[in-house]
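In the order they appear, the protein sequences are chains A and B.
The first sequence begins at 1 in the numbering used here and counts up one residue at a time.
The second sequence begins at 1 in the numbering used here and counts up one residue at a time.
Mixed in with the good hints, there may be bad ones.
Copies of the same chain are indistinguishable here, so a pair counts whether it falls within one copy or spans any two.
[Claimed, not checked] No more than 30 Å apart at the CA atoms, straight line, and that leaves these computed lysine-lysine pairs for DSBU-like: (1) K182 with K112; (2) K134 with K111; (3) K47 with K103; (4) K11 with K112; (5) K47 with K182; (6) K73 with K160; (7) K81 with K101; (8) K5 with K141; (9) K5 with K73; (10) K182 with K80; (11) K173 with K73; (12) K11 with K80; (13) K73 with K3.
Quick caveat, the hints were computed from the structure, so don't treat them as lab data.
Predicted, not measured: the structure shown is a model, and the values here were computed from it.
Number of protein chains: 2
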Amino acid sequence: MDKLKEMIIEKGEIREGNILKVDSFLNHQLDTQFLYEMGEEMYRLFKDQEITKILTIEVSGIAIAIMAALVFKVPVVFAKKTESLNLDKDVYVGKVFSYTKNKEYNIMISKKYLNSNDKLLIIDDFLAEGNAMKGLIDMAKQSNAEVKGIGIAIEKGFQKGGKILREEGYNLKSLAIVDEMKNGSITFREVD
Amino acid sequence: MDKLKEMIIEKGEIREGNILKVDSFLNHQLDTQFLYEMGEEMYRLFKDQEITKILTIEVSGIAIAIMAALVFKVPVVFAKKTESLNLDKDVYVGKVFSYTKNKEYNIMISKKYLNSNDKLLIIDDFLAEGNAMKGLIDMAKQSNAEVKGIGIAIEKGFQKGGKILREEGYNLKSLAIVDEMKNGSITFREVD
Numbered sequence: 001m002d003k004l005k006e007m008i009i010e011k012g013e014i015r016e017g018n019i020l021k022v023d024s025f026l027n028h029q030l031d032t033q034f035l036y037e038m039g040e041e042m043y044r045l046f047k048d049q050e051i052t053k054i055l056t057i058e059v060s061g062i063a064i065a066i067m068a069a070l071v072f073k074v075p076v077v078f079a080k081k082t083e084s085l086n087l088d089k090d091v092y093v094g095k096v097f098s099y100t101k102n103k104e105y106n107i108m109i110s111k112k113y114l115n116s117n118d119k120l121l122i123i124d125d126f127l128a129e130g131n132a133m134k135g136l137i138d139m140a141k142q143s144n145a146e147v148k149g150i151g152i153a154i155e156k157g158f159q160k161g162g163k164i165l166r167e168e169g170y171n172l173k174s175l176a177i178v179d180e181m182k183n184g185s186i187t188f189r190e191v192d
Numbered sequence: 001m002d003k004l005k006e007m008i009i010e011k012g013e014i015r016e017g018n019i020l021k022v023d024s025f026l027n028h029q030l031d032t033q034f035l036y037e038m039g040e041e042m043y044r045l046f047k048d049q050e051i052t053k054i055l056t057i058e059v060s061g062i063a064i065a066i067m068a069a070l071v072f073k074v075p076v077v078f079a080k081k082t083e084s085l086n087l088d089k090d091v092y093v094g095k096v097f098s099y100t101k102n103k104e105y106n107i108m109i110s111k112k113y114l115n116s117n118d119k120l121l122i123i124d125d126f127l128a129e130g131n132a133m134k135g136l137i138d139m140a141k142q143s144n145a146e147v148k149g150i151g152i153a154i155e156k157g158f159q160k161g162g163k164i165l166r167e168e169g170y171n172l173k174s175l176a177i178v179d180e181m182k183n184g185s186i187t188f189r190e191v192d
């Protein structure tokens with residue numbers, strides 16, 4: 001998505017440790033109209049998948065997920081992060097390893113909101129090592145829902161999450177794939 | 001907003017401690033189309049206020065805030081909860097007392113995304129004691145932005161947040177005000 005590449009070049013900030021900050025339009029301030037356009041692009045990419053529900057994870061997946069859901073005319077379910085060890089039995093639990101915090105935490109979804117009739121599009125803002133995505137897919141499997149697609153705003157192509165998911169056969173599409181961030185300059189991979 | 005009252009009656013769950021759970025459409029699963037309608041209702045209530053930006057707080061304010069923002073055609077800024085004590089100087093910091101956790105935590109907004117030119121509509125899903133709202137208003141004051149309105153989905157009228165904010169002169173409007181939850185039955189206040 002050309003406009004996303006332009007926004008990243010114009011407004012993204014590269015920080016130490018291969019961090020790409022896009023706080024001005026995606027992660028802190030939200031460019032509403034542009035998020036809606038990303039939702040439309042998600043629809044273009046996945047409209048033939050008979051999606052019944054969009055799955056994402058709090059916090060920063062919610063805005064783009066609900067914009068896409070508005071175009072798809074389906075509900076969103078977002079997984080909640082929790083420190084609680086005593087989770088009630090009516091939830092699916094996924095595990096996510098956080099590199100920034102160097103620890104594993106739980107994410108959960110109520111069993112009420114995910115089941116074997118669901119054809120899911122999983123949406124998130126970033127894909128790097130794919131840890132959050134692994135947790136989401138694991139919960140989708142527990143519910144016997146079908147993962148029909150994975151839509152990412154910004155994929156870090158130099159980390160292994162996207163490669164692994166594609167090798168596993170997931171229908172993963174990213175609106176922009178950053179292959180390199182070096183000396184303040186960003187190289188994108190060509191995507192359709 | 002009649003439809004919101006109906007949704008609360010039909011889908012809300014009353015739990016011990018005056019907890020009203022609306023996980024099926026507002027706090028875990030998101031009823032996309034209905035959230036958009038709530039956004040339209042926020043527009044009807046505040047359209048004359050020349051709003052330039054919608055302010056909310058993670059997590060559960062984000063979905064309704066961005067839907068309203070789509071109708072208003074303005075950006076959203078969401079305050080982030082943080083446990084960090086070493087915040088950088090480029091942020092406004094607000095304090096929020098959490099009754100459920102019985103401790104105070106910080107919320108923050110980058111100074112880049114809030115300033116004296118902003119005419120704010122502050123949106124949140126719930127208003128009870130008004131602790132989160134107090135933190136948001138405090139940060140708005142630090143930035144010299146003007147708070148033109150406060151839009152709440154569900155106000156708990158039996159807690160004091162709404163009363164205090166109205167007495168302080170804020171233009172507060174709630175789409176539904178719950179005045180009592182007793183024996184599984186909910187009493188609403190009449191609102192226009």
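To test your reading of the hints: which numbers does this structure violate?
Checked against the structure, the hints that fail are numbers 3, 5, 6 and 8, while the rest are satisfied.
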